[in-house]
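Please model the complete structure; the sequences and the hints are all you need to start from.
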Amino acid sequence: MIPPQKMGPITLSGVSYTYEKGDRPVLRDVALTIAEGEIVLLTGPSGSGKTTLLTLVGALRAMQSGTCTVLGQQLMGATESQRVALRRRIGFIFQQHNLLGFLTARQNVAMALELEPGSTEQARLARAGEMLEAVGLADKTESLPGQLSGGQRQRVAVARALAARPGLVLADEPTAALDRQSGQDVVRLLTDLARQRGVPILLVTHDPRILDIADRIVAMEDGKVI
Amino acid sequence: MIAALAARLAWRQLFSNRARLVSAIAGVTFACVLVFMQLGFRAALFESASNLPRALQGELFLINPLTLVMFRPEPVAHVRASQVLADPDVALSVPIYLAQTKFRNPDTGRQRTIQLIGFDPEAGAVSFQGLNSLTDALKRIDTIAFDRRSRPEFGPIAARLEQSGPFEVEVGGRAMLIVGAVSLGTSFGADGNAVMTETNFRRIVKERQPSKTDLVAIRLKPGADAQAVKHRLTTILPPDVVVLTGAELIAWERSYWEKGTPIGFIFGFGSLMGLIVGMVIVYQILFSDIATHLKEYATLKAIGYSNHYLRLVVMAAALLLALFGFIPGFLGSTALYSVVAKATLLPLGMEAARALSVFGMIFAMCAIAGLLAMRKLGEANPADMF
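In the order they appear, the protein sequences are chains A and B. Each residue of the first sequence is one higher than the last, beginning at 0 in numbering that gives the first Met the number 0. Each residue of the second sequence is one higher than the last, beginning at 0 in numbering that gives the first Met the number 0.
Hints listed in this document are in silico derivations from the structure and should not be mistaken for laboratory results. The hints are all genuine.
Within a straight-line C-alpha distance of at most 25 angstroms, the following computed DSS-like cross-link-like pairs (lysine-lysine) qualify: (1) Lys20/A <-> Lys294/B; (2) Lys211/B <-> Lys101/B; (3) Lys375/B <-> Lys20/A; (4) Lys375/B <-> Lys294/B; (5) Lys101/B <-> Lys205/B; (6) Lys294/B <-> Lys139/A; (7) Lys205/B <-> Lys138/B; (8) Lys211/B <-> Lys229/B; (9) Lys138/B <-> Lys211/B.
Bear in mind the structure is a predicted one, so any value in this text is a computation, not a measurement.
Here's what the structure looks like:
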């Protein structure tokens, strides 16, 4: 197995952000460091800027000020194609599973692998199968998302996020759409797999039931880390 | 490679919603059939318009330069047919008389306009199928040969000929004996044709002056250079006639229908309408496909798929629809052509060149719809996914 990409820690400093339509900044002079393999939980009331922070770290949004280095890429002033390239090295898990409804679980996971140059279809499907096995869905590889339960779908999303051996996993309220038990299962699965591979996780959550999985909890309020 | 993967994703997406796929294909097929029919009619018109000039054998022809179209000819002085014989390469020249008159359907008694074609059938200037065996019969007074491919409104002439032999009909108010059938074909200018000798032509069309004919077919001696003879004849003949080669005569006739009537434009416009309707349908399908999968597309962008890749997916979907719609459209149009050809007796048929150009049009139609639908992709913003 190829080891995960060791690209140094995630470091942010002086990051501020104001939405075009907003009158006041949602992020104000934020500084944060995530060490390799560290699992960091980001909590705070809604509107505190934690999701905005996540989209900046995930290169989904262009930076406005400050510096942010993710997997060796400086995001301040990065071009669209640099950001697209960086996103391929990050695993994303969303509130909703956002699986493609017309693809099977295996095909959905394989979608994350199609971007790797030189990979063969056979290798991608095999790897997708391994990932689904790792999240406990070995018997559901050929099911469509519509045939799976909410927890199972989110586990497929975990498999997709980890399939391409990302250097960082970003998750936004991954338990929000799930009941207590399956929510906890999914997060434990995610953190276990990430720990095995030494992948850092930045996870935004409101959910007090999963606070114990973190190495560190960062609280935000009013656009600032407190 | 990336295009193949994008095409596969498009394929899977299209097939995931069968109802939508079927309606999209139906839309493309509809556009396809519409364009095929319009272009088919246009080609049939131009083709049938030149039925008569194509049946005339002759390396060169003389017509009045004022003649726009053969069913309404301006006269050519008969003496020109004799004058061209002065050229050493001209073997023979045959005056051809053209007029339209009324033909009474022997069953219903209704009259319709028929095209009369008069010439010396022994001269070998005209080669209608079936004419050779009728040469002697046509020499008799008040006889005609009827075009079996005339519209059925003239009556079941050919069937009756086969059953009971020659019978009399009223042509231009005169009783004429139909002695046989030839095969020529209708055109937009003539619903039917009757062939006869010069003498019998004059017996029907009495007001025609003997010094005037309508068209002169010129046969050259073997090995003669038609262009050179044409050049010589043009210099010696007065400007009341033009010398045309066979191909030029066909082009002359076609250009009346193409340029002198709105018919070409009408069919072109009809084709364009079909393409626009098809484009709107394909655009709607692609647009709603993107709109319903906006979150998934945004997710793909978030995990590192570029805008370019998603555009490829949309374009592949558009082109797959073009292909899926064209195949039934092509088959349906081929079948419709033969149905319509039977009903209208127009020379309507599928041609490889037309099939290719319609495929090109349908392809372009879907590609433009795809390009328009792509603008919706901009709304798939991965930053909104969290």
